[in-house]
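Those sequence lines, one after another, are chains A and B. Per my numbering, the first sequence starts with residue 1, numbered consecutively. Per my numbering, the second sequence starts with residue 1, numbered consecutively.
If you are wondering where the hints come from, they were derived from the structure by calculation, not from laboratory data. Treat each hint with caution, since some may be false.
With a straight-line cut-off of 25 Å between C-alpha atoms, the simulated SDA-like cross-links for lysine to any residue are [claimed, not checked]: (1) A:K96 <-> B:K58; (2) B:K5 <-> B:S65; (3) A:K57 <-> B:L46; (4) B:K42 <-> A:G16; (5) B:K5 <-> A:G40; (6) B:K42 <-> A:I112; (7) B:K57 <-> A:D38; (8) A:K11 <-> B:E59; (9) B:K58 <-> A:K53; (10) B:K42 <-> A:R22; (11) B:K42 <-> A:Y31; (12) B:K71 <-> A:R44; (13) A:K57 <-> B:K5; (14) A:K70 <-> B:Q98; (15) A:K57 <-> B:D53; (16) A:K96 <-> B:E59; (17) B:K42 <-> A:K53; (18) B:K71 <-> A:E59; (19) B:K42 <-> A:D106; (20) A:K96 <-> B:T28; (21) A:K53 <-> A:I112; (22) B:K5 <-> A:D62; (23) B:K42 <-> A:R109; (24) B:K42 <-> A:V88; (25) A:K96 <-> B:Q81; (26) A:K96 <-> B:P111; (27) B:K42 <-> A:R44; (28) A:K57 <-> B:R94; (29) B:K5 <-> A:T77; (30) B:K57 <-> A:K70; (31) B:K58 <-> A:Q85; (32) B:K5 <-> A:L78; (33) B:K5 <-> A:K11; (34) B:K5 <-> A:T5; (35) B:K5 <-> A:K70.
A few chain A residues that face chain B, going by a derived Cβ cut-off under 8 Å, partial list only [said to hold, decoys possible]: (36) G40; (37) G42; (38) L43; (39) D54; (40) G58.
In this text, a Cβ means the ideal position worked out from N, Cα and C, and glycines have one as well.
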Amino acid sequence: DAGITQSPRHKVTETGTPVTLRCHQTENHRYMYWYRQDPGHGLRLIHYSYGVKDTDKGEVSDGYSVSRSKTEDFLLTLESATSSQTSVYFCAISYKQGAQPQHFGDGTRLSIL
Amino acid sequence: QQQVKQSPQSLIVQKGGISIINCAYENTAFDYFPWYQQFPGKGPALLIAIRPDVSEKKEGRFTISFNKSAKQFSLHIMDSQPGDSATYFCAASRSGNQFYFGTGTSLTVIP
């Protein structure tokens, strides 16, 4: 299995609080991605990174921000969590855009009450 | 707007039978079509992928059939086993840029 660690694995928090999810990889891959998975929607891309300090928005980026200060770490922040952001969040990595399939972490289950 | 439409939502197959999951897309610029398998509590894992220059790709019991003119592709699981019980996602991408996923199919293989 690709070395991808997501933390925390589970989190329950209240509306309006800030939340940060962490993705750590040991593969030295250039590309990192954050997805959310919801019933009836499959996986949807939130943000992605194509290098240190290089990030871009995905399909559902509103309400989320990301940072990548090191190759191995990609952080997803919900500045002020809302109930609509209750979801399972997956990090994925890829060494080469276009050819290399993405490897996924095991997810973070986030509940916002 | 769902870029990739997947059906059925759920599927029950007898052990030894053939499982078939279908996906359709509209964007003719898509040039990479992977399938992922996901077990409960785990992230998706790449199962098999195809590019539009071939009509079929087979890896073991898993086969992708691709119909470029119809803009459809499907996953066939031959000799389905209980261990194949999982959720399957199709996806599409243009040059490895943003991947668009289907909504998933929950497969149950009955012993």
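Quiz item: For which of the previously enumerated hints does the structure constitute a violation, in increasing order of number?
Solution: Numbers 4, 7, 8, 9, 15, 17, 21, 25, 26, 29, 30, 31, 32, 33, 34, 35 and 39 - these are the hints that the structure violates, sorted from lowest upward.
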